[in-house]
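Protein sequence lines, in the order shown, are assigned to chains V and A. Using this note's numbering, you'd call the opening residue of the first sequence number 6 and step up by one each time. Using this note's numbering, you'd call the opening residue of the second sequence number 132 and step up by one each time.
Incorrect hints may appear among the rest.
[Claimed, not checked] Far from chain A by the CB rule (all over 10 Å, computed), these chain V residues:
| no. | residue |
| --- | --- |
| 1 | Ala77 |
| 2 | Lys175 |
| 3 | Asp283 |
[Unchecked claim] Cross-link-like lysine-lysine pairs, in silico, DSSO-like; alpha carbons within 30 Å at most:
| no. | chain 1 | residue 1 | chain 2 | residue 2 |
| --- | --- | --- | --- | --- |
| 4 | V | Lys380 | V | Lys511 |
| 5 | A | Lys182 | A | Lys629 |
| 6 | V | Lys463 | V | Lys380 |
| 7 | A | Lys702 | A | Lys689 |
| 8 | A | Lys156 | V | Lys380 |
| 9 | V | Lys380 | A | Lys182 |
| 10 | A | Lys156 | V | Lys469 |
| 11 | A | Lys291 | V | Lys463 |
| 12 | A | Lys182 | V | Lys469 |
| 13 | A | Lys156 | A | Lys291 |
| 14 | A | Lys291 | A | Lys629 |
| 15 | V | Lys114 | V | Lys469 |
| 16 | A | Lys504 | V | Lys380 |
| 17 | V | Lys210 | V | Lys114 |
| 18 | A | Lys156 | V | Lys463 |
[Said to hold, decoys possible] To list a few chain V residues with every Cβ distance to chain A over 10 Å, as calculated:
| no. | residue |
| --- | --- |
| 19 | Gln122 |
| 20 | Tyr209 |
| 21 | Val300 |
| 22 | Gly384 |
| 23 | Gly408 |
| 24 | Phe412 |
| 25 | Leu420 |
| 26 | Lys424 |
| 27 | Leu435 |
| 28 | Leu445 |
| 29 | Lys449 |
| 30 | Phe452 |
| 31 | Phe472 |
| 32 | Trp488 |
| 33 | Lys511 |
The set of hints was computed from the structure by calculation and includes no laboratory data. Even glycine gets a Cβ: it sits at the ideal position worked out from N, Cα and C.
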Amino acid sequence: MFADWPLLSLVIWLPIFGGMWVLLSGSNDRAQYARLIALLVSVVTFLVSIPLWTGFERGTAAMQFVEKGEQAWIPAFNIYYHLGIDGISMPLILLTTFATVLVVLAGWKSITRRVAQYMAAFLIMEGLMIGVFAALDAALFYVFWEAMLIPMFLIIGIWGGERRVYATIKFFLYTFAGSVFMLVALLYLYFQTGSFSILDYHAYKMDLSVQILIFLAFLVAFAVKVPMWPVHTWLPDAHVEAPTGGSVILAAIMLKLGTYGFLRFSLPITPDASRELDWLMIALSLIAIVYIGFVALVQTDMKKLIAYSSISHMGFVTLGFFIAYRIYDNTGSYDGAVMGLEGGMVQMISHGFISAAMFLSIGVLYDRMHSRAIKDYGGVANRMPIFVSFMVLFAMANAGLPGTSGFVGEFMVILSAFKANFWYAFFAALTLILGASYTLWMVKRVFFGEVANDNVAKLEDINKREFIIMLVLAVMVLLIGLWPAPLIDVMEATTQNLLQQMMTSKL
Amino acid sequence: MQSIYLWIVLAPLAGSVIAGLFGWKIGRAASHWVTTLGVGIACVLSLYVFKYMVFDGGEPYNASVYTWMVSDGIRFEIGFMVDKLTAMMMAVVTFVSLMVHIYTIGYMHDDPGYQRFFSYISLFTFSMLMLVMSNNFLQLFFGWEAVGLVSYLLIGFWFKRESAIYANLKAFLVNRVGDFGFLLGIAAILMYFGSLDYATVFANTDSVRDQTMQIFNGSEWSVITVICILLFIGAMGKSAQVPLHVWLPDSMEGPTPISALIHAATMVTAGIFMVARMSPLFELSETALSFVMVIGAITAFFMGLLGLVQNDIKRVIAYSTLSQLGYMTVALGASAYAAGIFHLMTHAFFKALLFLGAGSVIIALHHEQDIRKMGNLRKYMPITWITFLIGTLALIGTPFFAGFYSKDSIIEAVGHSTIAGSSFAYVSVLLGVFITALYSFRLYFIVFHGEENIDPHAREHLHESPWVVTVPLILLAIPSVFIGYMYVDSMAFGDFFKGAIFVAPEHDVLGQLAEEFHGAFAMTLHAFGTLPFWFAASGVFVAWFLYMKRPDIPAMLKERLSMVYSILINKYGFDRFNEVFFAGGGRAIGSLFWKVGDQKLIDGVVVNGSAQTVGVVAGLMRHLQTGYLYTYAFAMILGVLVLLGIFVL
């Protein structure tokens, strides 16, 4: 029924225009009005995005819901307004529309200053992020990619904590510096092919040395976003300073843009370079998992701890993406490679929910205590039993407990990595111990024990609004954990096709 | 049958969810009713399944319930495999769980977390059933981790206590070390068998048995050996084998009913069950079997010794559990899986009985756990006393009691085993019999006989526990006496587990023993002339002599042998080592990576360094921008000269 609607354009532009509406409508004295419109817009956007899931055809790797202008958008450079999604991008778009609703709700009470601007920033960012996932034209992609930085820059810079200026500048320079390299790569490809179509790039043949340069250019851009070790240090700072909603979007969606880039650009455009440099990717991924896991262990700030934990979990995504070639070297076939790719993709989605849940939970505490330091807490379970029940669930999901979504991706990647090399699986599986250690140690210190001080004694349990946020996240975390089949079904055809592209040499 | 199996697992789950989510609304009584009813249904149906499988000769069941996911052409299913091994485990788990549910009504009567507790133990029952009924490795791992989760929640049930939340974190993390190996084992199975389904894996052992893999460059390992050892590392965590045993004594911080249910009767035996289930794999690797046997023997003997110096009633029993788990593991290593599982079953009854008896004592004395503040309790608590004595007799292997048949089968089997390490294991389990009798009767005499050291305040209210506590004790005491005699014939030496457990002909020690076996009664009579009996008897005698006749000797020994005593009281230093080396080491590495790696090198040198470089360079360049016309004119002239110079030359 929705087949002939321009659904992708709708989910991109609805929140952007909605955000402008919020922006225009609200001065500070009409904050409630701004909140309500923002909620309305985000919910409608989420509802509009649902047909993308239900109407998605499972068996094909072709782009769906394609929109391409008859005329070029910018004829001089052959740039088209070209949108379309496949099994990789569709779940990410739903994750985005879902997370934005939660973010609007989460900022309901805690944001009292410039409410309209705050809400508008998130709505506009939602549209831009969906644009990144849906764009099939590289120039369009790049525009969305860079535009997205602006609202995030403002969110951290205006509603952030004490060191927000340092954090925003670091965030901006890091990511911007990375993107410039991508721009160069895209321009090169344009001059070679005369097109900005990403799908054209997929088919374009190149020498190995050229591929390697392009691969590295992409790598710089995407690695910063993921973030991969050693270009990860902007993330903990950004998270710590960002308001809760900013952290949620940053962790749940923005980090995925980097890994999405590997799937959409690096692997299919430069398969031979990917094969040549997979050792680098695997090494960086394993360093992220193990090194960052240890770093997370000693954090004293809850948000920093979860930020580091995010980096460590994203290591599984990149590991899953780049082990295919090693599996072939080790076993002589690509069996198991698809599982690695899908495991990485599931991990992206799962981490979206879990990191959102973790940051929202910390936000719940921060709203009440105005502290993120672990030492300021203790015995919260005495005062907030319902909240702590949710929190323990999310913590277990973060530690990868089977039955939660956190397990699925890690499990698939470890199974796949074992086929490539025993030691890859060995180091990756260390997360079982490390992840449990840093997460549950924090849980112990913050939630259990006697009431630590008077501030904790005054805590009140979560209200209805917070309860609903926690509940939907808990449902998603358990649903994916207990029955991941539907999620993997939508990815299957696309992943198979991606593996074909990765296997096919372009030399 | 599928609907019956679904009922068995879903009834406890439903009870758990209702009590957990709506317990605050429906109240305490409704919560314990709904959970007990759920587990009751599971228990009745499990007994029916047991009857169907064992007496009616029912066919094993193996089918999937739903597809968890399909990735890369591999189906990951949730499904049930029920054969006699499963049926026995189901019956034991649900029966002990039901007893514990009833017991909890009395034990936790005044606890504010009443509903939460019932929700957890029902959730545990569900998880444990999923574990034993699984027909594939994925679900096994699900159940494996789920019981770990519930164990974590229950050890830390009293979350205000620092010691409890320390213990539950420790338990979870140590188990995770085991799971780390277990998960790698599962990955190896998927890689070499292409499936996680038990039946498929066991059917394809022939194609894998001769394959090798390289872990370190240049050394070839048998794939089966690697798989078995990795899986066994999982079992070492869950079944608390040295050196991953450290969490179990600390887990006693949890309420006593769960010590009985989880940390004695069921969860900790999951590792034993798993290895028995994997017998078609373990049978192919004598290296793995040796490894299993040696670890088990070390646990059986050395953990028993620690029970001698403990003064906390629950910890004594906990070390006894460790030691008995060691016996089961030794049996697995000797390929006497059936004997190990048999001991698992008898142990479940008498050890649950002992823990619940200890709990009965603990509540009667207002949460006093120190045996030095007990004594002569038989006068006040006759039912607890008699049932505890029955449990103790069963534990030390007194002929006619359940523990005798299972333990004797293990000792005999190890004696006949030819696998490397079996002579060491034989000596360990034999000496272990003496130690078991000694610490068990030490506990028994000090608590129920001897001098009365009870706090006078507690004595005023001292009386036998209510019926909800004593009835489970009596119901557990019955199988603790009879179940061994009834099943030794079929389980240990018969074909009870035929089709479920596979033993290679060259390892079949139980088969050899079966030829000399002439019925349970003959075995019992024969026992009076064997070493284990006299070891046990002398253990009891020594305990009587030391703690009843001459109570001054233990104190003297403690001084004379202070070195030995200090080793034992420090538990061989495992805790200290882990605390310093792993916990401390992990934090030190974390700090190093964070403070030096992230902050000094990456941020300090690279990030802020490049920012500073830009600043410095800009600062230098700024001097060139003087704003005076003559400076620029001078620069231009210089430039022209240089260009000219290049041209001319």
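Going back to the hint list, which numbers does this structure go against?
2, 4, 8, 9, 12, 14, 16, 17, 21, 22, 23, 24, 25, 26, 27, 28, 29, 30, 32
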